[in-house]
Amino acid sequence: MSRWFPWLQAAPLALVLATFLLLPIALIVVVSFYDYDSFSLIPDFVLTNYQEVFASPVTWQTYLKTLWFAGLTWLVTFALGFWLAYYLAFVVQDATWRTVLFILCTVPFWTSNLIRMIAWVPFLGRNGIMNNTLMGAGLIEQPLEFLLFSDFSVILAFVHLYTLFMVVPIFNTMMRIDRRLLEAARDAGAGFWQTLWCVILPLCKPGIGIGSIFVVVLVMGDFATVRLMSGGQSASVGLMISNQIGLMQYPAAAANAVVLLAMVLLLVAAMLRAIDIRKEL
Amino acid sequence: MTEQKKTQPSLTRRGALALAGAALGSGAVTGFPTLWAQNIRNVTLRQIGTGVSGLNPIAEQVKKDLGFTLQLTVTDTDAVAQRAATQARSFDIADIEYFSIKKVYPTGALQPIDTKRIKLADKIVPIFTTGRLTPESAPGQGTSPFSVGFVESKDAKTFAGKRTDLMTLMPTVYNADTLGIRPDLVGRPITHWKDLLDPAFKGKASILNIPGIGIMDAAMVAESAGIVKYGDKGNMTRAEIDKTIAFLIEAKRAGQFRAFWKSFDESVNLMASGEVVIQSMWSPAVTAVRSRGIPCVYQPLAEGYRAWGSGLGLMRHLSGLELDAAYEYMNWYLSGWCGAFLNRQGYYSAVLETAKANMSENEWGYWMEGKPATADIVAPDGKVMEKAGAVRDGGSFTDRMGKVVCWNSVMNEDRYMIQKWNEFIAA
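These protein sequences, in sequence, are chains U and C. For the first sequence, the working numbering assigns the number 1 to the initial residue and increments by one for each residue that follows. For the second sequence, the working numbering assigns the number 282 to the initial residue and increments by one for each residue that follows.
Just so you know, the hints here were simulated from the structure itself, not pulled from any lab data. Check each hint, because a few of them may be wrong.
Said to hold, decoys possible - Simulated pairs of lysine-lysine, BS3-like, Cα-Cα distance not exceeding 27 Å:
id, chain 1, residue 1, chain 2, residue 2
1, C, K483, C, K510
2, C, K483, U, K65
3, C, K483, C, K443
4, C, K543, U, K65
5, C, K475, C, K543
6, C, K483, C, K435
7, C, K543, C, K524
8, C, K475, U, K65
9, C, K435, U, K65
10, C, K400, C, K637
11, C, K524, C, K510
12, C, K397, C, K344
Said to hold, decoys possible - Simulated restraints on C-beta separations:
id, chain 1, residue 1, chain 2, residue 2, range
13, U, W97, C, V659, 51 to 59 Å
14, U, Q61, C, K483, 17 to 25 Å
15, C, A360, U, Q61, 22 to 30 Å
16, C, A340, U, P122, 26 to 34 Å
17, C, D662, U, Q61, 42 to 50 Å
18, C, D465, U, L265, 23 to 31 Å
19, U, F45, C, P470, 55 to 63 Å
The beta carbon of each residue, even a glycine, is placed where N, CA and C say it ideally should be.
Go ahead and model the full structure; you've got the sequences and the hints to work with.
Right under this line is the structure:
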């Protein structure tokens, strides 16, 4: 009896995951081999959907673009997130202040994702607050067009949305760093940068890893931010899938979803290889 | 106790009957309510459609005039077609565009409408019943409502192409579309579709990103600029599609477009904020920009208009009381209040006479006859939309609908076109 106990304990979660995660993914894989016409799926085993994904230069471009968005967003959120977390963990000494500032970091999450994105439009637009202020201050003569409906605005929105996902895990690992290690480093003659590079950064790796996984996975799957912030001018894989679903090309969308899933899993696997996130948890 | 409980419902039923009788007698019910009010009150019809006519005031008026509940789901053009075809059972009525019906009807999601049960069927504007506005006018290229408006039998999957007793959709609203401009920002008269490509508007133009409609606007532009010659814009060959998309990609790479819009409100915001000064637009979007006090013109162009129409379709599963209620609703739609309501937003309604009876002479003159307004034109929400003396862009109903050169379309090369359109968006 007791031999079965662990199995029984794991059963509810296993069942939920099997029904709501594994089964749908299996279905997507199956559908990705279907054929289709304007309004119906034709059960079949064809490779045309995958051929279309890999043969079309447009899909390659779109995948590259998505990776580019993910890479750039990761870079900026990491740079921002690391220093924000550093400030919170090491510079701020008072626990109350730390909590207040930490809550401030979550402010962007107090409204819905869509509203946050839409709010950028009057701010960055041709006649928006930013351009009017800059022109009023005499810094520019023509409104800056690249501020809105461009890759810049897409990255900006991503950074705004996802920096917190970097801050939290990095902050968490930083707080666990034994302060005596930092003292020891100083006693051993290490300067600020050497301590940062040789002590703090290696110990923060699990947090950085977790944050990176969050950011990369979220950006890779995004479709709403790219569409709204680029004014429909840029494409991402998520947007391509959403367009295909809108036009009822489900098998094509499923094939793209499978490819995207494989790609994201590979990325996550690579990250886990570089950083052992379990070490510090 | 138990007896009291039993008598309670019968009392209310009698009460409802009396109320219904009183309502009928007093003439408060203006539609064609021939069903017993107490039954129909419990009916809820679920309608899916676009923001064009999925309007709450209509649902409220239905409740008031007919007694039953109209539950509206509003989404974009592609999604309406998609959900009507794939989730037919989750809706009772599809408020859908004629070009979508070309794809949706053959799936068997809808049942044909018996025109014998539509009291004003013979009064419907001839665009829908004969394919021509006047016997002399040309029918226009593309998926015209007439070409997909009728079927031969209840189970037919192909369209009759002529008038029969069975309609696929009961026409509700239609219009002639052109480019919207910001007269204060374009700086010169706009006369042709090709003006969308003028380098002067670099980074200030937009086109709509609904493939079936966007490709038609693109075709109007390409033809106007002499880039592509089409056999039939509404049914392009692969070579024509390639050329059209190639010119779009070229314009996009050159930075001509500021954005692409997909929903009504996006187009309003682009125009109102000045991000865009010339773009594909829908008539009420122009009205919406103007009602914010921002000048916006729905510019008539030399080549003519691209038109669209939509109608109410009955889902296949509808039967019995719900089906009767749906017919009541459709008859009510043509009976005047709704027509006037839609005409006042710049659309056109299917039966003009009844709508006219529900509009003031000034309103009718402004919206339908192209006459200068004799008094302020007031929007349905009470806001002043146009001052006295204003004239509608493009003029009268016949001036506008008479210059339709093509209809929103579904082509034979549809899948190919959509694939190429996606390339344009991703390029």
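Comparing the hints with the structure gives:
With a C-alpha separation of about 24 Å, the suggested pair C/K483 and C/K510 falls inside the 27 Å cut-off, and the hint holds. Straight-line distance between C-alpha atoms of C/K483 and U/K65 comes to about 24 Å, which keeps the hinted pair within the 27 Å bound. At most 27 Å may separate the alpha-carbon atoms for a hinted pair to count; C/K483 and C/K443 exceed this at roughly 45 Å. Annotation: proposed proximity of C/K543 to U/K65 holds, straight-line Cα distance about 22 Å (limit 27 Å).
Proposed proximity of C/K475 and C/K543 is supported: the alpha carbons are some 21 Å apart, at most 27 Å. With a C-alpha separation of about 52 Å, the suggested pairing of C/K483 with C/K435 is violated against the 27 Å cut-off. Restraint check for C/K543 and C/K524: the C-alpha separation of about 23 Å stays at or below 27 Å, so the hint holds. Between the alpha carbons of C/K475 and U/K65 the distance comes to roughly 31 Å, so the proposed pair goes past 27 Å and is violated.
Of the supplied pair hints, the one linking C/K435 and U/K65 is violated, its CA atoms being roughly 49 Å apart against a limit of 27 Å. Taking the CA atoms of C/K400 and C/K637, the gap is near 17 Å; set against the 27 Å cutoff, the hint holds. Proximity of C/K524 to C/K510 is assessed by CA-CA distance (about 10 Å); at most 27 Å being required, the pair is judged to hold. With a CA separation close to 25 Å, the supplied pair C/K397 and C/K344 stays within the 27 Å bound.
Taken as a hint, the range 51 to 59 Å holds for the pair U/W97 and C/V659, whose Cβ atoms sit roughly 57 Å apart. Taken as a hint, the range 17 to 25 Å holds for the pair U/Q61 and C/K483, whose Cβ atoms sit roughly 23 Å apart. Between C/A360 and U/Q61 the C-beta distance comes to about 26 Å, which sits within the given range of 22 to 30 Å. Evaluation of the 26 to 34 Å hint for C/A340 and U/P122 yields a pass: the beta carbon distance comes to about 32 Å.
Between C/D662 and U/Q61 the C-beta distance comes to about 45 Å, which sits within the given range of 42 to 50 Å. At roughly 53 Å, the beta-carbon separation of C/D465 and U/L265 lies outside the given 23 to 31 Å, and the hint is violated. Distance hint check for U/F45 and C/P470: the Cβ-Cβ separation is about 59 Å, which falls inside the suggested range of 55 to 63 Å.
In summary, the numbered hints that this structure violates are 3, 6, 8, 9, 18.
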